[in-house]
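All chains, full assembly: derive it from the sequences and hints.
Protein chains in written order, with this note's numbering: chain A, 1 to 371; chain B, 372 to 539; chain C, 540 to 873.
Wrong hints could be hidden among the right ones.
To be verified - Lysine to aspartate or glutamate pairs mimicking EDC-like chemistry, simulated, CA-CA at most 20 Å apart:
#, chain 1, residue 1, chain 2, residue 2
1, B, K431, B, E511
2, A, K298, A, E53
3, A, K296, A, D322
4, A, K192, B, E378
5, A, K202, C, D846
6, B, K391, A, E188
7, C, K677, A, E10
8, C, K854, B, E378
9, B, K391, A, D137
10, A, K292, B, E482
11, A, K296, A, E94
12, B, K452, B, E490
13, A, K202, B, E378
14, A, K296, B, E482
15, C, K677, A, D34
16, B, K433, B, E378
17, B, K525, B, E457
18, A, K298, B, E482
19, B, K428, B, D515
20, A, K298, A, E57
21, B, K473, A, E188
22, B, K431, B, D508
Keep in mind that the hints were calculated from the coordinates and are not lab data.
Here the structure is a predicted model, which means the values were calculated and not measured.
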Amino acid sequence: MIPRPDPTLETLVLNMGPQHPSTHGVLRVVLKLDGEYVLEAHPVIGYGHRMHEKMGEVRNVSGFYANVGRMDYAGALSFGHGHVLAVERMLGIEVPPRAEYIRVITTELNRIASHLLWFGAFLLDLGAFTPILYSFDDREYILDLLEHVTGARLTFSYFRVGGVNRDLDERFIQGTRVFIRRMRSRFEAYHKLVTGNVIFRKRVEGVGIISPDMIRKYGATGPVARGSGIPYDIRRVEPYSVYSELDFDIPTFPEGDCFARYRVRLAEMEQSLRIVEQALDRLPDGSVMAEKVPRKLKLGPGEVYQAVEAARGELGYYLAGDGTDVPYRLKIRPPSYSNLSLLNELASGVLLADLVAIMGSLDLVIPEIDR
Amino acid sequence: MIRYFREIFEGLWSLLVGLKVTGRFALAPTVTTHYPFDELEVTPNYRGHIDLVVNPKTGKDKCIVCMMCQRACPSGCITVKGEKPEGAKKKVLTEYRLDFTKCSLCGNCVEACPTSAIEFSHEYNLAGTSRHDFHYDLVERFRDRCRALGVEPKIADLTPVAPKPPES
Amino acid sequence: MTDVFPPDLIRLIVSFVIVVAFAFTNAAVLVLVERKICGHIQRRPGPFEVGPHGLLQTAVDGMKLMAKQMLVPRNADASLFRAAPILSFVPPIAALIVVPFARLLQVRDLDIGVLFILSLAAVNVLAILVAGWSSANKYSLFGAIRAVAQNVAYEIPLLLSLLTIVIWVGSFRMSDIVAAQGGFWFAFTPMGFVAFLVYFICGIAETNRAPFDLPEAESELTAGFHTEYAGMGFGLFFLGEYTNMLLVSAIATTLFLGGWNGPAFLTTTGTGFWATVIQTLWFLAKVYGLIVVMIWVRWTYPRVRFDQLLNFCWKILIPISMANLAVTAVWLKL
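Given below as C-alpha cells:
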C-alpha cells in the first residue's frame, strides 16, 4: 500500500482541468496535493451544461429525440432507448418485436463501441498511445454499421416512440455477422498487448479499490459496481425490451480495483457480441413501427420511471405528464454523475498518476454529467 | 528469491509479447484512407441536411406547403413560404430556407412530411467561414440539382429569389 | 595559413561543424523515422503529404518552429527559461566528440572517454530542472521534480553496468574498448548481456522516453517540464532528446555491440577510405537499430508510475547490476 502523507506539511493546490488531457472533456478537478500525493480531489462540474432536462420540459417528445444522443455521445443509443421506453410505458404503446430486437442489436453494438472508446482512452491515460488506434479500428466498423442503419455516426436519433425510424437491411445483418467474427479474433491481441503487460498490471492492480459499501453509499452502477462484485445490471434485475429472452452473463469481479473494472468491460464486450449474435438469429419479421401511435403524444396525467443499462451504468428517465404533449417534468439520472461522486473518497492518499488511472477507470463522459 | 527472479522474467516476457503484437501490426498494411485523395463510399442511408426531392423527369417538387416540417422541427430551423397563384387550386412553394446552424439532424421533418417531398442529402464535406454559409436556400439548391440532372427546374417561378443575407 | 591557425584548431572547428550538422540531421531524420514507425505500428502511414511519403515533413515542421515566437511566461525567470533549451541540447552534442564512428573517425580519443560522456549526459537533468523551475508552472515543476529523482536514480545502474565493461577492458578509452571487441562483442557474453540490458533500460530512462517519460507524462502533467515552451525553445528540447537517444545508442554500440566492428567475416580494421566507410556504416547500422527498438518500445507500453519507477531502479536494476559487476570482477581475477 502507498503510505498516507502527513497532512500537516505544506500543500499545493492544483487545478486539473477544465482543459487537461485526461479529464476527457470539460471536467475540472481541484486537487490538494502534498508532493505527488493527492490529499483531496474536488470535481467541479457544469462547464458543459446545456439544460437538456429543461429542454425536455418545453418540447414535445419527438422534439427531444435529438437531445438524448447529445448527453452521452459515446453510447447515444442507450439514452434514446431509455427515453422512448419511458414514453411508451406511459402511453401503453406496444412495440413490434422486430423493432425491439433492432433496438437491442444496435444498442449492444453501441455499447461495444463505447467500451472500445473507453479502452483506448483509458490506456491513453496510462500513457500507452497505441491501443486507442487499435480499438478505434474496430470501433470504426461498428460506426460504419450503425451509420448504415441510422444515418449518423455518433448522435443517432434512431429510436422513435413505437419503434425505430428505419428497418435493418441485409447488408447490415451480414456486416454485423462479419464484425462479430472479426471482433472475437481481436480480443487476443488486446489481451496480449495490454492485459498481460506487466507495466499495465502494476498500474491498475490494487489501485482505486472501491468497496461494495462505497458503491451502495454513492449509488454507483454499471461496470464500476460490477467491478466491485455487485451483479447489478438493469438488463438482468429489471429486464426491459427483449433482454429477458436472450442468454447472456453479467460479468462481475470482486476485487474492486481498476483492473477489475477493466476486466468487467472487456468481458462485457464479449457478452454484447453474444447478445447481438442471438438477437440476429431470432430477429422476427414484421413492422418496425407500432401502428397505433397517436400523432400528438399526450403524456399523463401520471408519472413513470424507466431505467435502462447504459454503457456506464443505470440510466433513468423520470417522466411526469400533465395531459399535454409536453412533459411536465423530465428528470434524467445519468450513470456517470454517481460514478464521479466516488472520486473524492477514492482520491485521498493516492499518487497523481493513480488519480488519472482511477478517473479513467470510472469511464466518465462529462456532457452526460453536466447535461 | 525464486519469486523475485520469476517476477522479473515473467515481466520481461510480457513486455516481449507486447512488442511482438505491435511489431506484427507494424508490418501489416495500414487501414486508413488518405482522405482528400481517396474517399470512402458514403452509405445511401446517410443523413445530411435536408433537400427537396427532385422529380428527375419533370423537374418538379412535391411540396404542398402544409408546414408540417416547419412545425415538426424542434429547433425552428425551417422556414417555408407558399403562394396561391391566380386560378390555381393548390398552394405553390415559393421559399424553403434551412438554417443548418441550428439543425440537429433528428429527422423529424422528413418523417412529418405527408408527401415525402424532402429527403436527406449526402453532403458531409461542409465547411464555411461564416454562419451565413449554412443558411441554405433549398429552392436555389433545387434549381442547381435539377440542372445537374439535365431537367428544367419548375419551382417557385412566381417571385424572384430573395436576396442573399449579408456576409457576416 | 598554418601560422595563424594551428592545424589542431582547424581540425577542431571542422569537427565541431560536422558534429553539429550530424546532430541536427540525425534529429530531423529521427523525428520522421519515429513518426513513420509510430504510424505503422498504429496501422496508419504517418506523415504522408509533404514530399514523397512525407519525407520533407520535418523540414517544414522545423521551419514552422523557427518562425514561431518564443514566448516567455510573465512570472517566469526569463534568463533561466531561455537558457534551459540550450542546456539540454549542447551537452549531448559535445559528448559526441569522443564517440568513435570508425577507427579513424573520432574527434578526440580521450583516455577518460566514458567518464567524459557520462559527466556530460548528467547535465541533461539540470536542463530539465531549470526548465521546469523557471517556467513558474505547477505542472512544469512536477515534471522537473520527477526528472531529478528519476535521472539521479537511474544514473547509478547505468554507471554500474558501464563499469562492468570498463573493468573488463581495463580502460576508459573508447578506442580500447572497441579494439577489445574485435573477436567477440560484450553483449553476447552472459555478464555483458545483463549489463547491456540494464544499460539499455537505464538509457531509455535517462532520455526520458516512454515508458519512463514521467517528466513529460502527457496524460498527467499535460506536457511536463516543457509545458510553457513554444517555438524553437520546444524545438531545442526535441533536438536534445533525439541527440540524447543517439548518444545513448552510440555508447551502447561502442561498449556492448563491438563499435565499428562488423560481424566476424564482414569486418575490417583498416584505416583507408573504404575501410572507414564500411566501419562507419556498421556503427550507424547498430546505432539506428537500437534507436528503432527504443521507438518501438515507446509506442508499445503504458507509462510506469513514479514510485514503481524508483522501486524498479533500487530494487531490481541496482542489485542486478551490482551482482553482475561483482561476478565480472571475480571472473576476471580467476
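Exercise. Checked against the structure, which of the hints given earlier come out wrong?
Worked result: Structure breaks hints 16 and 21.
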